[in-house]
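**Q** Sequence:
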Amino acid sequence: MIAERLSPQYADVLVDFGDTLTHSSRPAEGLVKLEKAIELNPVTPDGYLWAAAGASYYLEDYTQALRYIERMADPTPALRLAAACRAMQGETKQAKALARKLRQHYPDFEVDQWISVLPIKEDWQREHYREGLKKAGL
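For the sequence shown, this note's numbering assigns the number -16 to the initial residue and increments by one for each residue that follows.
Quick caveat, the hints were computed from the structure, so don't treat them as lab data.
Honestly, I wouldn't trust all of these hints.
Claimed, not checked - Simulated restraints on C-beta separations: (1) Lys117 x Leu42: 15 to 21 Å; (2) Ala80 x Leu23: 20 to 26 Å; (3) Glu12 x Asp106: 15 to 21 Å; (4) Lys76 x Arg54: 31 to 37 Å; (5) Val94 x Gly30: 19 to 25 Å; (6) Pro25 x Arg86: 17 to 23 Å; (7) Pro25 x Val94: 33 to 39 Å.
What the hints assert, rightly or not - With a cut-off of at most 20 Å between alpha-carbon atoms, the simulated PhoX-like pairs for lysine-lysine come out as follows: (8) Lys84 x Lys117; (9) Lys19 x Lys84; (10) Lys19 x Lys76; (11) Lys19 x Lys79; (12) Lys104 x Lys76; (13) Lys79 x Lys104.
Since we're looking at a predicted model, the values are computed, not measured.
Yeah, the Cβ is synthetic: ideal placement off N, Cα and C, and Gly gets one too.
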């Protein structure tokens, strides 16, 4: 918070703060910070977009999450999240296609192992993400 007050235009600080808020079960507050960082940096790094997509997912705004992912120069790291979003929207065919693509890039991917290493404060977030990944066929 101090860094943000001293330099509110510093986008990287806002991204870190926003991502921390999201992982601390405060995705709405996190997304505000992330959107400000994106606004400040017109050549938006993929990490900013991925973090905003994650916050949007936890807010159950899957369409917005997918919009952020689609803006990424390399959306490969966000394939899990994209598959979960499609699944949660009931787009099973697209979700399964993304799950197959994910398996090509990460053949050893296991949902429970992935969920166990995520730095998320609350179980509801873990379960919400697990649900999307399982619905996607992962």
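**Q** Are there hints from earlier that the structure breaks, and if so, what are their numbers?
**A** 2, 4, 6, 9, 10, 11, 12, 13
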